[in-house]
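As you go down the protein sequences, you meet chains A and B in turn. Each residue of the first sequence is one higher than the one before, counting from 0 in numbering that gives the first Met the number 0. Each residue of the second sequence is one higher than the one before, counting from 0 in numbering that gives the first Met the number 0.
Any given hint could turn out to be false.
Below are the DSSO-like pairs computed for lysine-lysine, each with C-alpha atoms no more than 27 angstroms apart in a straight line [as the list claims (entries may be wrong)]:
1. A/Lys330 to B/Lys109
2. A/Lys236 to A/Lys39
3. A/Lys54 to A/Lys236
4. B/Lys186 to B/Lys149
5. A/Lys184 to A/Lys89
6. B/Lys115 to B/Lys183
7. B/Lys183 to B/Lys149
8. A/Lys300 to A/Lys39
9. A/Lys205 to A/Lys186
10. B/Lys109 to A/Lys54
11. A/Lys350 to A/Lys293
12. A/Lys330 to B/Lys181
13. A/Lys300 to A/Lys40
14. A/Lys236 to A/Lys184
15. A/Lys40 to B/Lys109
16. A/Lys350 to A/Lys89
17. A/Lys350 to A/Lys39
18. A/Lys54 to B/Lys186
19. A/Lys54 to A/Lys330
20. A/Lys184 to B/Lys79
21. B/Lys79 to A/Lys186
Simulated from the structure, these hints should not be mistaken for lab results.
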Amino acid sequence: MVEEIGTTTDGDLIINVGPQHPATHGVLHLVITLNGETIKKVEPHLGYIHRSIEKMCESLSYRQFIYVTSRMDYLSSHINNHGCALCVEKGLQIEVPARAKVIRILMDELTRIASHELWWGAMAMDLGAFTPFFHAFRERETINDIMEETCGARLTMNYMVPGGVMLDIHPNFRQRVHDFIRLFKSKVHEYEEMVTGNIIFQNRMKGVGLLSAEDAISFGCTGPTARGSGVSCDVRKYYPYDGYEQLAFDEVLETAGDSFARYMVRIRELHQSIRIIEQLIDNIPEGDFQAKTKAVLKLPKGEFYQRVETARGEFGVYIVSEGGTTPYRIKFRSPGFSNLSALDHMARGSKLGDLVAMMGTLDLVIPDIDR
Amino acid sequence: MENSQHSNGLKTALPLEGRDAAPTAERSNFPGQVHETPGGGIVLSKLDDIINWARSNSLWPLTFATSCCGIEMMAVASAKYDFSRFGFEVARASPRQADVIIIAGTIVNKMAPVLKRLYDQMADPKYVIAMGACAISGGPFFYNTYSVVKGADHVIPVDVYVAGCPPRPEALLHALISLQEKIKSGKTREQIQVPKPVQAQIKLKK
Ligand code: SF4
Chain A
0 MVEEIGTTTD
10 GDLIINVGPQ
20 HPATHGVLHL
30 VITLNGETIK
40 KVEPHLGYIH
50 RSIEKMCESL
60 SYRQFIYVTS
70 RMDYLSSHIN
80 NHGCALCVEK
90 GLQIEVPARA
100 KVIRILMDEL
110 TRIASHELWW
120 GAMAMDLGAF
130 TPFFHAFRER
140 ETINDIMEET
150 CGARLTMNYM
160 VPGGVMLDIH
170 PNFRQRVHDF
180 IRLFKSKVHE
190 YEEMVTGNII
200 FQNRMKGVGL
210 LSAEDAISFG
220 CTGPTARGSG
230 VSCDVRKYYP
240 YDGYEQLAFD
250 EVLETAGDSF
260 ARYMVRIREL
270 HQSIRIIEQL
280 IDNIPEGDFQ
290 AKTKAVLKLP
300 KGEFYQRVET
310 ARGEFGVYIV
320 SEGGTTPYRI
330 KFRSPGFSNL
340 SALDHMARGS
350 KLGDLVAMMG
360 TLDLVIPDID
370 R
Chain B
0 MENSQHSNGL
10 KTALPLEGRD
20 AAPTAERSNF
30 PGQVHETPGG
40 GIVLSKLDDI
50 INWARSNSLW
60 PLTFATSCCG
70 IEMMAVASAK
80 YDFSRFGFEV
90 ARASPRQADV
100 IIIAGTIVNK
110 MAPVLKRLYD
120 QMADPKYVIA
130 MGACAISGGP
140 FFYNTYSVVK
150 GADHVIPVDV
160 YVAGCPPRPE
170 ALLHALISLQ
180 EKIKSGKTRE
190 QIQVPKPVQA
200 QIKLKK
């Protein structure tokens, strides 16, 4: 099952981290070759939460398979659903009503904030600070309440369906989001004061886990991980969907490529998401929230691909259709998988204690990697 | 004599209503339980109650979150729901320091031996809560998958099941309190002595 602690022929020590380890954020298993305190190699072992989602999707209809994707990157469940819905819409050439588009973007950005908040709390916890976790969850619960009113769920939303969204927004939605923005703006500076400016924190993050722009590209990193290395890769900018092209927001870029840069990208993205929400929340158009679609969807024969920007990077849905009611093959391109592949490169030569900080800034969600 | 004094001292610490309290006048105000049988049996049975009471109020969960339900478990640990109110004070990452595994998430075939090993590494008494549809039955991954264990109770025994995908934090809190009640009333797996099945005596009439 798990290789035991051992030594290599060079006298290096091999240790296992995980699959049950609090810093791996789930069930990742790392086999680390150590020379003293220095990391020589990090080998991630996957499959501890491989739920065969892609295979399952082959026997689910185009309406059903979206529900399973909420369970992949559960912190970006709306955005996963969004990508799948878009891909099916692309195949069927469904025109989504304007109201649904706006609701979708609002939900996406709220999800992004919730996800980054959880990441922030968990990452500070990895470095030994427990208080930020409670602060992060305090604001996250407000978002959960908003979601719960409209979608009926706190985590696995299943709200976006081919043709729009499942239900109209709750009458309180607008007010609640306004309240949240006000609350968030009054609290977000606490994040900076408590963690970002902390000298211990900075010393542990700066210059650690360096990833150059070239390496980030060659490993296929996306999202904040790549943007921390100065690679401009925001899908919302390059392949805009559902009206992102009409919104004013900046792609956040940092150039240092270390853990602190990746950290700053996410913190600054919080403000950009708020900016997007502020532009839309008072301008939700009237109209339908769902286009009229057939009860049973049949994609024409062919291949369809759609990418969206989740909180972790580029999420791709690739559907091969034979013309039936279920897909012939579905492939998900998950951001976490590629980002994890850069871990070995980043960690080589650094100290074991820094590995946790590096993993924290990659923001890994293991079921997203294993699927 | 010393025994009975001792037991009296312990009894007052117990908030339990008397199951078998003697209805005599001088004892009617006494809040604890009084056994009429003299001897060591008194202290032993009372100690059990106290131990159960103490155990039930200091259950330390193992941070065992494999997937989505783990996030709700974190939400229960955080400020709004805060399971430390009920004695689940600190989540422990090491099975040796934990009393209860909350199986939060799907168990797949590759993880099943790890779960078994974690359970074996925990010190007795140990309790298991299966959180969410996945841990109960495989949940949304019940059909058409080749890798999911259809319920964590195929691997280790489970004390309390919580339904939901994911269960609400309140539901998990309810499960935790149910587990406490179960321990207090001495009805967990380990505390119940299953009597040997008795061979039925069948008499055939002529
Ligand atoms: S029960 Fe639902 S939320 Fe919980 S782990 Fe399974 S799929 Fe995820």
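Do the hints match the structure? See the list:
{"no.": "1", "hint": "A/Lys330 to B/Lys109", "result": "holds (22 angstroms)"}
{"no.": "2", "hint": "A/Lys236 to A/Lys39", "result": "violated (38 angstroms)"}
{"no.": "3", "hint": "A/Lys54 to A/Lys236", "result": "violated (32 angstroms)"}
{"no.": "4", "hint": "B/Lys186 to B/Lys149", "result": "holds (26 angstroms)"}
{"no.": "5", "hint": "A/Lys184 to A/Lys89", "result": "violated (37 angstroms)"}
{"no.": "6", "hint": "B/Lys115 to B/Lys183", "result": "holds (26 angstroms)"}
{"no.": "7", "hint": "B/Lys183 to B/Lys149", "result": "violated (30 angstroms)"}
{"no.": "8", "hint": "A/Lys300 to A/Lys39", "result": "violated (48 angstroms)"}
{"no.": "9", "hint": "A/Lys205 to A/Lys186", "result": "holds (25 angstroms)"}
{"no.": "10", "hint": "B/Lys109 to A/Lys54", "result": "holds (17 angstroms)"}
{"no.": "11", "hint": "A/Lys350 to A/Lys293", "result": "violated (57 angstroms)"}
{"no.": "12", "hint": "A/Lys330 to B/Lys181", "result": "violated (46 angstroms)"}
{"no.": "13", "hint": "A/Lys300 to A/Lys40", "result": "violated (45 angstroms)"}
{"no.": "14", "hint": "A/Lys236 to A/Lys184", "result": "holds (25 angstroms)"}
{"no.": "15", "hint": "A/Lys40 to B/Lys109", "result": "holds (23 angstroms)"}
{"no.": "16", "hint": "A/Lys350 to A/Lys89", "result": "violated (47 angstroms)"}
{"no.": "17", "hint": "A/Lys350 to A/Lys39", "result": "holds (9 angstroms)"}
{"no.": "18", "hint": "A/Lys54 to B/Lys186", "result": "violated (42 angstroms)"}
{"no.": "19", "hint": "A/Lys54 to A/Lys330", "result": "holds (9 angstroms)"}
{"no.": "20", "hint": "A/Lys184 to B/Lys79", "result": "holds (20 angstroms)"}
{"no.": "21", "hint": "B/Lys79 to A/Lys186", "result": "holds (16 angstroms)"}
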